[in-house]
Amino acid sequence: KAGVTQTPRYLIKTRGQQVTLSCSPISGHRSVSWYQQTPGQGLQFLFEYFSETQRNKGNFPGRFSGRQFSNSRSEMNVSTLELGDSALYLCASSPAGTTNEKLFFGSGTQLSVL
Amino acid sequence: QKEVEQNSGPLSVPEGAIASLNCTYSDRGSQSFFWYRQYSGKSPELIMSIYSNGDKEDGRFTAQLNKASQYVSLLIRDSQPSDSATYLCAVRNTGGFKTIFGAGTRLFVKA
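Protein chains in written order, with the working numbering: chain R, 706 to 819; chain X, 24 to 134.
Do not take every clue at face value.
Residues of chain R clear of chain X, computed beta-carbon distances all greater than 12 Å [as the list claims (entries may be wrong)]:
hint: 1; residue: Pro713
hint: 2; residue: Phe774
hint: 3; residue: Ser784
hint: 4; residue: Gly789
BS3-like cross-link-like pairs, simulated, lysine-lysine; straight-line CA separation at most 27 Å [unchecked claim]:
hint: 5; chain 1: R; residue 1: Lys807; chain 2: X; residue 2: Lys90
hint: 6; chain 1: R; residue 1: Lys762; chain 2: X; residue 2: Lys121
hint: 7; chain 1: X; residue 1: Lys65; chain 2: R; residue 2: Lys706
None of these hints come from the bench; they were simulated from the model.
Everything numeric in this text was worked out from a predicted model, so none of it was measured.
Where is the CB? At the ideal position from N, CA and C, for every residue including glycine.
Sequences are here, hints too, so could you generate the full structure?
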């Protein structure tokens, strides 16, 4: 069974640009969560999707958005990039996003904003 | 106050010793507790989960939960150099649809 797939693996953008990151969950998993990881802040929760619905959102500005498609694949978008958005963006999936489920992480997208 | 707090370390232990990692959380509604391990340059992977008060053992790993004190810990017995990694404590509450992570504790096991 294939794991969580994130593309692209690396991205370099300049301030003011926008970026879209993609995540394909493990087959059969319907819950997708996104996290931002930086050395200083650790893993910060961005949002969680289930069956194309955003069920929870972290404390990030509106420049960060996401969506989920009917096949459970998910994208996140960051508009008007800032230097501080440079981070590793991790996607994680689980079967239904219930309380006891563990998360399976992808390899992440390393975003550098210049 | 952060939702999930861990000592960032680094924690250094000799090979064969017991490594003790600690975590506190602020939301009393939290129901599920996890420990993830993250090697440098890799993604987090689950090593333990615990849902009720007490101890849970799995091989060399023991997770301990005390909901009254809002405290979770992970013990690694017979520590090996391959255990050197960052250990992330994670907490999930009922109906919250989100898993909150601590900043992680870096563990070094010296051969």
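How the hints compare with the structure:
1. Pro713: holds (16 Å)
2. Phe774: Answer for phenylalanine 774/R: holds, closest chain X Cβ roughly 18 Å.
3. Ser784: holds (23 Å)
4. Gly789: holds (17 Å)
5. Lys807/R <-> Lys90/X: The given pair, whose Cα atoms are some 20 Å apart, holds under the 27 Å limit.
6. Lys762/R <-> Lys121/X: Distance ~8 Å between lysine 762/R and lysine 121/X Cα, so the pair holds.
7. Lys65/X <-> Lys706/R: holds (19 Å)
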